[in-house]
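There are 2 protein chains.
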Amino acid sequence: MGLARVGTKWVYDFAEGSREMRNLLGGKGANVAEMTRILGPDRVPTGFTITTEACVSYMENDHTAPDGMAEQVDEALARLEATADKTLGDADDPLLVSVRSGARESMPGMLDTVLNLGLNDESVQGLVERTGNERFAWDSYRRFVQMFGGVVRNIPGERFEHAIQAAKQEHGVTLDTELDVAALQALTATFREIFRDETGEEFPLKPRDQLEQAIGAVFDSWTGERAVAYRRINRIPDDWGTAVNVQQMVFGNKGETSGSGVAFSRDEVDGSPQPSGDFLVNAQGEDVVSGVRNTQDIADLRDVMPEAHATLMEILRTLEAHYKDMQDTEFTIEEGRLYMLQTRNAKRPAQAAVRFACDVVEEGLLTKAEAIATIDCEKLDALLHPTFDPTVDYGVLAKGVAASPGAATGEIVFSAPDAVQAGAAGRDVILVRPFTEAEDVAGFHAARGILTAEGGKASHAALVARGMGRPAVTGASALDIDLAKKELRVGETVLCEGDTISIDGTTGQITIDDVPLVEPEMTEYFQRVLAWSDELRRLGVRANADTPEDAIKARSFGAAGIGLCRTEHMFMAADRQPKMREMILSDTVEDRRAALDELLPLQQQDFEEILEAMDGLPVTIRLLDPPLHEFLLHDEDDPRAEALREVNPMLGTRGCRLAILHPEIYEMQVRAIMRAQRAVTQRLGHPPSLEVMVPLIDYERELEIIEELIFRVAREEGVKREHYLVGTMIELPRACFLADTIATHADFFSFGTNDLTQTALGFSRDDIEGKILSPYIENKIFDRSPFETLDAPGVGQLVRMGAWLGRKTKLELKLGICGEHGGDPDSIDFFHNSGLNYVSCSPFRVPVARVAAAQAAIRRGDDGGW
Amino acid sequence: MGLARVGTKWVYDFAEGSREMRNLLGGKGANVAEMTRILGPDRVPTGFTITTEACVSYMENDHTAPDGMAEQVDEALARLEATADKTLGDADDPLLVSVRSGARESMPGMLDTVLNLGLNDESVQGLVERTGNERFAWDSYRRFVQMFGGVVRNIPGERFEHAIQAAKQEHGVTLDTELDVAALQALTATFREIFRDETGEEFPLKPRDQLEQAIGAVFDSWTGERAVAYRRINRIPDDWGTAVNVQQMVFGNKGETSGSGVAFSRDEVDGSPQPSGDFLVNAQGEDVVSGVRNTQDIADLRDVMPEAHATLMEILRTLEAHYKDMQDTEFTIEEGRLYMLQTRNAKRPAQAAVRFACDVVEEGLLTKAEAIATIDCEKLDALLHPTFDPTVDYGVLAKGVAASPGAATGEIVFSAPDAVQAGAAGRDVILVRPFTEAEDVAGFHAARGILTAEGGKASHAALVARGMGRPAVTGASALDIDLAKKELRVGETVLCEGDTISIDGTTGQITIDDVPLVEPEMTEYFQRVLAWSDELRRLGVRANADTPEDAIKARSFGAAGIGLCRTEHMFMAADRQPKMREMILSDTVEDRRAALDELLPLQQQDFEEILEAMDGLPVTIRLLDPPLHEFLLHDEDDPRAEALREVNPMLGTRGCRLAILHPEIYEMQVRAIMRAQRAVTQRLGHPPSLEVMVPLIDYERELEIIEELIFRVAREEGVKREHYLVGTMIELPRACFLADTIATHADFFSFGTNDLTQTALGFSRDDIEGKILSPYIENKIFDRSPFETLDAPGVGQLVRMGAWLGRKTKLELKLGICGEHGGDPDSIDFFHNSGLNYVSCSPFRVPVARVAAAQAAIRRGDDGGW
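Note that the protein sequences, when read in sequence, are chains A and B. So for the first sequence, our numbering puts the first residue at 189; every next one is plus one. So for the second sequence, our numbering puts the first residue at 189; every next one is plus one.
For the record, the hints were derived by calculation from the structure and aren't laboratory data. Each hint should be verified, as a subset may be incorrect.
Intra- or inter-copy, both count: the list cannot distinguish identical chains.
Stated by the list, open to error - Cut-off 25 Å, straight-line C-alpha distance, at most; resulting in silico cross-link-like pairs (SDA-like, lysine to any residue):
no.	residue 1	residue 2
1	Lys959	Ile893
2	Lys1002	Asp928
3	Lys968	Gln609
4	Lys959	Arg833
5	Lys959	Leu849
6	Lys998	Gly1023
7	Lys968	Leu849
8	Lys673	Ser460
9	Lys356	Ala612
10	Lys959	Pro827
11	Lys968	Glu855
12	Lys741	Gln436
13	Lys673	Phe623
14	Lys959	Glu834
Start from the sequences and build out the full structure, keeping to the hints where you can.
Structure follows, in structure tokens:
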């Protein structure tokens, strides 16, 4: 854990590392080392990495570097100077370095970076001499002072910006690039005065001091607010720490034969084979990703610097083949020579991910299993997101960059906090900003979509939105945003906070017309990915569907059946609620039976339609579950209604307990089910695959009693025992412990992980989500809601115990889960590993679950070796 | 399981059995066999036992006797006839037999019995000849027809009673005994007509048919309503079945040198050494226990039949020494000769049980462990029951038999169903009846006390009340009860349903004055039993106490500390609730802190008093647990109050979750605790034994955060770490699974089995007890509330898992439980076997728990061999 052990190696030269050392060297450090190995030392600027363990030790020891680290940095620096044949701070030919963060997982823009480190009053002269470009050297120097002040000492950016504005006014120019050497020298002096003013110290001129402080600042940025917020959302543990990469600077801002850019090995939006990216001539890398200057497409590089372009294309192919995944690279061209600064697996939207997966299998680069494993299946949801209805005419208010696919409609909000607040209140909002920054990330999470006036496909807004699967349109330059007035102008149109707007991140269109959103066609690529997933996975995927419509949708998404058909939703319908109410408030069993008799044909009709829609696939119908009180009117003042109120309805008279108290309710439901079974059997010519499920079983005897009732009614209705299954929800901790006894009366178990989470953790979902989640995440008690991803150590143990005990009694016992965890990839992985037969989730999550189930099988090596 | 296996032995002669064969032969059969062995064959009428396995087989095979049973009964009957030298149905010297039930556990009056079997028109003549008593013979015959008709064919008793009434009118007599031979002959003929009329069959005259039907009827009585209800209450499994004992009749009704009685080897009420009991001259045994005739005290037998008395006394001593327990016997004297019909360990009230335990150790009959094991510790509660305050003058309305100790006050009800209904509504009632019968048992359970106008210490009412530990006064003959009018008259006084009455079952007094009940002194015997229990037990016993008064009471009952001091009850006090309300409804943390500052000194005062009262013993103070909403007014219409309402408050924002959201609340409480600790340390000169307990922990991190808070505040208040412990409730299933991680932050665990039962079973205690319990017991889902006795397979597994995992991390971890199960003997046995250190229960249950803990140790053989 990085305690300061004698002899610990804290620093690795790039030449010593490899991509396997990601945990120690961070993603960037490991990849730069790997690139150095593949592309050779001349293509990657030399440098070294200070390990994540050093960072952890630094955090644990009150922000003090571990013993030995300083000495190792000195030694590595000496080697770097020898290789580069330059010296840090040298007045003749100075070495300049960048100091960059690099965590295990990429956290774009969240951690700090210092460039041009090593400049001071002497070395700037050396830079002038070596480059023969006095203006470049002084511009680099003033940039360095500015960046160092901001990053290392937290000096507000506007202090430097104001000084630049003043200088431009003084010299009567409008662009930074128009400032001459003298102006830049004066500006550097002013920046150092600002530094002294803000920190009470002189700007450090010794390069070794600069380096030490910069390294500490990168370490510190790991625990900065932005980084912490990002980790929360992206589920990155706090105790990983970041590595620090010290690398010789190369300069993309040395004139028209220089430049910087980002390049993807394939199109990062649609996944098609041609590389994509942005670049800027005569610029450093930060200029490209900041979105401040409008970038050029990478294809244009062919015309500007054909040789560099050709080399880059070849390198992209080499890297992709090596990493067996789509690559996201950063490069700099210094006076015509291409340097690769970074490569990593490209984050990409679902459409690009599925296209990539299909293409690389065709190309023979990856096996199907390897290709499926490259997909972030959580994002596949976006492929099922709506788009603007193409058959409807609507006015396009403006058009921007199609930065993250999917369409969204919502009220305009102009700040991340407003988005968070509105999102918490359940409102759909579109976050509208000139451009976005790291501190806006929480707002992305809360918003339906993101719209910016600036930035391209590689801008912060685009990257983060794609990372989260949120639709985004960026760089819509026709937008004139006044944050102070909370107003958005597009020509004559003025929109205010709360006005409705729609964006389509697949086309870049923006509209204020009332355009309906339509469901996407499933692309051929996606279909192929799903088909391969079906070959690879071992876990069945069913859907939770309560209506014939849902059943049809589920089928279209590839559900292998219905894992949960809740019968209670049918009772909520307007024509049924009064009858249900009458039934509940009956004074006698006879009255209740009379009311139930009226409900029976309606239930039967529902069941017939669902069974027919799912012909050939199993349908699990759950008998009535919620407390009866839920079916009454809210303002019911009948004393019988009052008697039904419960202190903790979740733990009250519900599920099978209703049937022990009032067997006539389940009897009606079972009769309706069995009559539907008979009717559908007649129409189809064969019996549908019917499964009757009993909720909330605690005791073997409960299920025995209800099983007897089901058998009896089925006999009475002439349905043979072999034409239906009887099973139970396992959703209480006791049932997991007693699953061996319960299994004697069950053909199948379906784990109800929602209720199991509520009981195992003692969390009422209704009460907890608003109040507890945020403070619990802030206090690092958990990193996400246990209702979203299964709590493996607690609830998961119960599931495994229930599964094991159930199968101990009945080897052939069918096991499924029908909580909302059934659509969550991490939970699906757990269920696969627990030997379950199927998961059941909402129809829209079925495709995600199919891929997630395949990935679980691949991860565990039981994918049949495809 | 008694399936009809070839070669199964279904029938055992008395001479073949022994008391070890109780499960097979039933209690009565095993004891009669054992008595035959000890006392010799001449002292016990000969007979045989049909096994409980035969009954189980009969029940399983649709009420058909298993193969081979009939033949074995024939063979046993032949042996019995040979031994008795008489033949069943013989016209000269007929054998008559009784056919009695006999389950593993005694179920007095619940199962059926047929006497005088073997009588018919021929054998009655034989009986006349052999006894020379024509009236006796014909009276026996008509009794047999009556009993057979009632028991075997369910003919309503009133049909026979009406015929007797008619006969008495016809002959102008008032007593049954005044009917002459001719009248009895006519009555027998009438009874056989009633039999034919009710059953459509002739009364069976062949003795072998009579026997077969009687055996079937006894088997059937096992599944009769009364028996099932009794088993529910007494927790006897349904699948045990009953044995059937066929035994030669002896006659206590052969004149003045005959008689029947029940005798206890010691006084069955106070346990003192002289034998007690009741008898009737010239009567059969049923007359004694029915309570219809007023019996004589067994001491009077010395005067009436001195020889039989002397023999009986000697036999009682022999049996007690043999069984090493107080004996409850039935005997018959036939023409001066004593026969023992039955013996069994005597059910006895707590005072008799503790007296017996002490005396037998003195006498050298039993070891301390053996003596403690004879106590039914569930009944000890009665010794802690109140009595009428002897210092207060009150009018005695009437006096009856002191049938079951303890005093009670309640509203009068006149039927068992009324008692059940009132009890369910939470009202205290006294069940008032002329006499009680088996079908009244449920009413005993629901009532605070029982009062009857008829019957003695051996009456049904007395037996059952003592069995349940309910105070009872029987045989209060001054009471004139009109069930139809629901009126009770005593001289001029008329009491109606709902009027308040008080009874003292220790003295037999009845009053309608408002006499206060006072707590009993602990007798010397009880003190000795408790002291021995303390030597024997391994489990500590603490008390749950929230106030200094409770703490003092707990100490006086021998509590070894406070296992649960709930801090929330202090906030409910009138002077605190408004401040609590103010705190809860604060808009800012500052306002909340200000309100908390006012509460702090009040809490500190409470803690100081409790810590001082418990000086030298540990005090576990639990930090705030209930949801804040509970402290507000019911009609609070503040929107902030509304926001605190939860759908399932049991699973909501409570326990440690409050402290994660509002750390200032626990901070105030911990500060008050630590200040109290310092203040008391100064006054006592040494630190009290303080334990701070955190409720509702789910995650290790929760406890880590709160532990840090406790450490910090303790430091701030100058209390050293070694002067307090920090521990946690383990009351959620997740915490049991994660107990190894939680234990890293805990000095002790206290299992909160109330909440653990709620969550593991998904039962809200508030909602379930009224609605679910009865139907669940009726449906045999469970035999008692899981909130009363720990659900071992579910909740118990969680406790064991938590205990094991906690000790895995920390071998010295102190483990306790503080749910209400801490005072339940069966649950205490489970906790002992689970290796816990202590239980904590309400102060009144502490003595019971001390004895129960000793019994658990004795049962498991880890009582140190005392």
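Now the hints, each set against the structure:
no., hint, verdict
1, Lys959 to Ile893, "between (40 Å within a copy, 18 Å between copies)"
2, Lys1002 to Asp928, "within (14 Å within a copy, 32 Å between copies)"
3, Lys968 to Gln609, "within (21 Å within a copy, 51 Å between copies)"
4, Lys959 to Arg833, "both (24 Å within a copy, 12 Å between copies)"
5, Lys959 to Leu849, "between (35 Å within a copy, 8 Å between copies)"
6, Lys998 to Gly1023, "within (14 Å within a copy, 33 Å between copies)"
7, Lys968 to Leu849, "between (44 Å within a copy, 13 Å between copies)"
8, Lys673 to Ser460, "neither (42 Å within a copy, 95 Å between copies)"
9, Lys356 to Ala612, "neither (45 Å within a copy, 88 Å between copies)"
10, Lys959 to Pro827, "between (33 Å within a copy, 16 Å between copies)"
11, Lys968 to Glu855, "between (48 Å within a copy, 20 Å between copies)"
12, Lys741 to Gln436, "neither (57 Å within a copy, 79 Å between copies)"
13, Lys673 to Phe623, "within (17 Å within a copy, 89 Å between copies)"
14, Lys959 to Glu834, "both (22 Å within a copy, 11 Å between copies)"
Comparing the model with each earlier hint shows violations of hints 8, 9 and 12; every other hint is respected.
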